[in-house]
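K.L.:
Listed below are the residues making up each chain.
Number of protein chains: 2
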Amino acid sequence: MAQNDKKLVEAITPMAQDFGQWYTDVVTKADLIGYTSVKGCMIYRPYGYAIWENIQNILDTRFKETGHENVYMPMFIPETLLNKEKEHVEGFAPEVAWVTHGGSEPLPERLCVRPTSETLFCEHYANIIRSWRDLPKLYNQWCSVVRWEKTTRPFLRNREFLWQEGHTMHATAEEAEAETIRMLNIYADFHEKDLAIPVIHGRKTDSDKFAGAVATYCIEAMMHDGKSLQAGTSHYFGDGFARAFGIQYSDRENKLVYPHQTSWGVSTRMIGGIIMTHGDDSGLVLPPAVAPIQVVILPVAQHKPGVLEAASVLRDTLAKSFRVKLDDSDNTAGWKFAEYEMKGVPVRVELGPRDIEAGKCVIVTRHDRAKTEVSLENVTEAVADALKAVRDGLYERALANRNARTHDCTSIDEINSALEQHGDGFIRAMWCGDPACEDAVKEKTGVGSRCIPFDQEHISDTCVCCGKPAKHMVLWGKAY
Amino acid sequence: MAQNDKKLVEAITPMAQDFGQWYTDVVTKADLIGYTSVKGCMIYRPYGYAIWENIQNILDTRFKETGHENVYMPMFIPETLLNKEKEHVEGFAPEVAWVTHGGSEPLPERLCVRPTSETLFCEHYANIIRSWRDLPKLYNQWCSVVRWEKTTRPFLRNREFLWQEGHTMHATAEEAEAETIRMLNIYADFHEKDLAIPVIHGRKTDSDKFAGAVATYCIEAMMHDGKSLQAGTSHYFGDGFARAFGIQYSDRENKLVYPHQTSWGVSTRMIGGIIMTHGDDSGLVLPPAVAPIQVVILPVAQHKPGVLEAASVLRDTLAKSFRVKLDDSDNTAGWKFAEYEMKGVPVRVELGPRDIEAGKCVIVTRHDRAKTEVSLENVTEAVADALKAVRDGLYERALANRNARTHDCTSIDEINSALEQHGDGFIRAMWCGDPACEDAVKEKTGVGSRCIPFDQEHISDTCVCCGKPAKHMVLWGKAY
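Protein sequences appear in the order of chains A and B. Take the first sequence: its letters are residues 1 to 480, numbered as in the numbering used here. Take the second sequence: its letters are residues 1 to 480, numbered as in the numbering used here.
By construction, these hints were calculated from the structure, which means they are not laboratory data. The reader is advised that the hints may include incorrect statements.
[Unchecked claim] Listed next, the in silico DMTMM-like pairs over lysine to aspartate or glutamate satisfying Cα-Cα at most 20 Å (straight line):
| # | chain 1 | residue 1 | chain 2 | residue 2 |
| --- | --- | --- | --- | --- |
| 1 | B | K444 | B | D455 |
| 2 | B | K227 | B | D408 |
| 3 | B | K84 | B | E95 |
| 4 | B | K64 | A | E79 |
| 5 | A | K227 | A | D424 |
| 6 | B | K209 | B | D239 |
| 7 | B | K304 | B | D280 |
| 8 | B | K371 | B | E350 |
| 9 | A | K64 | B | D239 |
| 10 | A | K209 | A | D327 |
| 11 | A | K64 | B | D31 |
| 12 | B | K29 | A | E69 |
| 13 | B | K39 | A | E105 |
| 14 | A | K29 | B | D134 |
| 15 | B | K336 | A | D424 |
| 16 | B | K325 | A | D413 |
| 17 | A | K150 | B | D392 |
| 18 | A | K444 | A | D413 |
| 19 | B | K325 | B | D385 |
| 20 | A | K478 | A | D461 |
| 21 | B | K150 | A | D413 |
| 22 | A | K64 | B | D408 |
| 23 | A | K325 | B | D134 |
| 24 | A | K39 | B | E105 |
So that you can see chain A by itself, here it is in the shape it has in the complex:
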């Protein structure tokens, strides 16, 4: 058990000391990822991948309930196809991986590995959309994409990452805009209810839109260190791609018109968001909805007669309702406690000879280490309550952190002093709409515009930067 002992001894770096190093320690010591010889391309190890599978299951069900169908497009995009929509190619060409040879032969045209698949979907839609009867098309794809980033970080910025990308086509602009918001709301709801991560809905400013989009909507979440994570985006394209790709349909009056388009996506980046929102100095803390192990049963004094048998019975009972693991290995109790705290298992159940005699067990919730003695007769209800308490506790804690680190400011000086006094966080401040002011705020304070929140408040009459009349309240912050 050389490895195990080592793990127990080598604690992770405390968050307060070095948040970045804490993050790296957690992703490796909780066995989420492995590094490879290709920079920025990581291994999703079983425990990390199981979180992704749980995320996929929940979201895929919601996508299907709202009428979406899954497809799979090729991973390669010919250069001429990528070039068809001008803004799109300018946004993505600098960071794509190029395939130039098949076997020993050079290809007639080089192919990029998809950084996103708008162009592929549009090529297909041009072939299959003919009539108003063919609309809407509500397609989604689960796949990996590649963006050749210079700086990389597990889950947050990888050269290859896993995601889903929805691509839809609609008869009217209104329908497409409604779809864009509908999917954003599904993302927001998933974050709040299942991941216990409070998010702010909003629209990106024009300088921060997706390459080729008319409007980009996003959800922004605050991490434990006060920085912002863009946790999901939803784009409205108008008919820009449709025109570039010649996608037309006959409407009910038999007139040829262009359809309106959306795309929307979330990625394994969400796992980074879970870690940085809920984790603590003992490691990961997982929201129950996506935890690979929701309940771990640790037998106490397991060598004593009857303990393992009772633990097995308990495991079988709980396994009917939850994802359960019974650890009856010969590792020490101390090692087991540390291991499942590191892995962020939401609920731990301890069961020893005295508990068995009294018909009880002890339930410990991971986020606050609260201990409750419960009767074995009601253990399923008690564990369900404990899991709910973890979800609610995590959400409240994250919301409290966000509230404590959100500051309303009316001048550049106020922004700087808020950041100096309280550290990184969200700044809410008014903006005139001029991209020059957006750039100036970033230059003078270090915080950039994260979004124009849907829930607007009137902080002041004038732009925080130029003093001209304000148009919007903007959420500003440092971004991952």
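Dock chain B against chain A, hints included.
P.N.:
Positioned in the frame of chain A, the structure of chain B alone reads:
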């Protein structure tokens, strides 16, 4: 409805006239795939992808039940990593796609897009396997892989295709060999029970082994035209890769030794196998276990009062147990019949005013068009029986085709005359074990060795080619 009418009018090419064209017609007209501008890279359309999702669900459950965990490895393999195992690189290097540039910069080392991931798993295993306590490692991955084939065909031979690849490491050769056979048996069982495709288990001859394997096991299925499809493979590697990659563990005596390895995979090729085993001149016929729509309800005279209401009630009843679609569109009855036959929906339920009055409906099974009138009260049981009848009927029909097209031969002349008389099929004939004879049989008759079946029979004493003493009965055939 110009498209729909066209579909109804343009029947598919009959199998007997041109089997290859029939296949192409089915994959496109049943909306399984779409072509793209990259040769050999196809679109899995919703109906085709849904079959794959059903396959994934069943197999993934079986893999997890047998203790396997899912992971995700990078899609890129550095050239030096691919080169580490000599036979392996010789097998795959001629058909890989090479990434040479990231953005505008040439890469320091070119990367191939994974054709299979043994090398990536081995690099990872070298990092995480230390002790006998770390074994076995039972990993699986669902992903797409790329092989730059010259000739391509939807599902059967694509440059990019979807698959799963299991990669396991074991303490002993015996354990690894048992895993190899266990996974082959899971594939065989899935084919026979769920896909209704009878298969022959066997071992590949040395000339047909996977690049780098000690032994390759396979299941071979006969297609409707008498050709053979390799439907799944399972490889035993010994410790060859472990030595090449320096993977060692301390055994219970604290001695450093090499672990033993397997890999096994099935791909979207199985969908090609389903089409060519069960399809007919009206289109696809899907085995119920993987059919996206198991039951289609077609209302008769749906404009009459009460018909659509009764059909909805029936849909809601059946949806509790099956994947059901109610087609209440204004397409003609003729169009609907043709459409769902083309799409291979196993069971059709017809419900009209007279049926409703009599408390009945009509159930039609796709493979034999058998009609049964059943009481609406027992409709769930009746549909369950009908689905079972489809699965059993498909299996029996496929088995009868295979039996009719399998011939035992004792000489090259007998092989040639069997093929001439009966067309393509399986030949069972003895072999001395010499690769020269294997090549000679193929050259003289056109059929190659498919496998050495586990169920051996004694056809004759001597090799069908050279007349020397025979070692094995070999299954010979033409392969897809």
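K.L.:
Each hint: holds or not?
P.N.:
Status of the hints after comparison with the structure:
For the hint pairing B:K444 with B:D455, the CA-to-CA distance comes to about 26 Å; that exceeds 20 Å, so the pair is violated. Among the hinted pairs, B:K227 with B:D408 is consistent with the structure: their alpha-carbon atoms are about 16 Å apart, no more than 20 Å. In summary, the hint linking B:K84 to B:E95 is supported, as the alpha carbons are separated by about 17 Å, within the 20 Å threshold. Annotation: proposed proximity of B:K64 to A:E79 is violated, straight-line Cα distance about 40 Å (limit 20 Å).
Distance restraint check for A:K227 and A:D424: the Cα-Cα separation of roughly 6 Å lies within the 20 Å cut-off, and the hinted pair is therefore satisfied. About 16 Å separates the Cα atoms of B:K209 and B:D239, which keeps this hinted pair within 20 Å; it holds. Of the pairs offered as hints, the one joining B:K304 and B:D280 is violated, with about 34 Å between alpha carbons and a cut-off of 20 Å exceeded. Using a Cα cut-off of 20 Å, the hinted pair B:K371 and B:E350 holds, with the two alpha carbons roughly 10 Å apart.
Proposed proximity of A:K64 and B:D239 is contradicted: the alpha carbons are some 45 Å apart, above 20 Å. Annotation: proposed proximity of A:K209 to A:D327 is violated, straight-line Cα distance about 48 Å (limit 20 Å). At most 20 Å may separate the alpha-carbon atoms for a hinted pair to count; A:K64 and B:D31 meet this at roughly 19 Å. For a cut-off of 20 Å, the pair hint linking B:K29 to A:E69 stands: about 18 Å separates their Cα positions.
Only pairs whose Cα atoms come within 20 Å are accepted, and B:K39 paired with A:E105 is accepted, the gap being roughly 15 Å. Taken as a hint, the A:K29 and B:D134 pair is honoured in the structure, with Cα atoms around 16 Å apart against an allowance of 20 Å. At most 20 Å may separate the alpha-carbon atoms for a hinted pair to count; B:K336 and A:D424 exceed this at roughly 62 Å. Straight-line distance between C-alpha atoms of B:K325 and A:D413 comes to about 63 Å, which puts the hinted pair past the 20 Å bound.
Distance hint between A:K150 and B:D392 is unfulfilled; the C-alpha atoms sit about 57 Å from each other, more than 20 Å. Of the pairs offered as hints, the one joining A:K444 and A:D413 holds, with about 9 Å between alpha carbons and a cut-off of 20 Å not exceeded. With a CA separation close to 18 Å, the supplied pair B:K325 and B:D385 stays within the 20 Å bound. Pair hint A:K478 plus A:D461 does not hold up; C-alpha atoms about 24 Å apart against a cutoff of 20 Å.
Annotation: proposed proximity of B:K150 to A:D413 is violated, straight-line Cα distance about 65 Å (limit 20 Å). Taking the CA atoms of A:K64 and B:D408, the gap is about 51 Å. The hint is violated against a cut of 20 Å. Among the hinted pairs, A:K325 with B:D134 is consistent with the structure: their alpha-carbon atoms are about 18 Å apart, no more than 20 Å. Simply put, A:K39 and B:E105 have alpha-carbon atoms about 15 Å apart, close enough for the 20 Å limit, and the pair holds.
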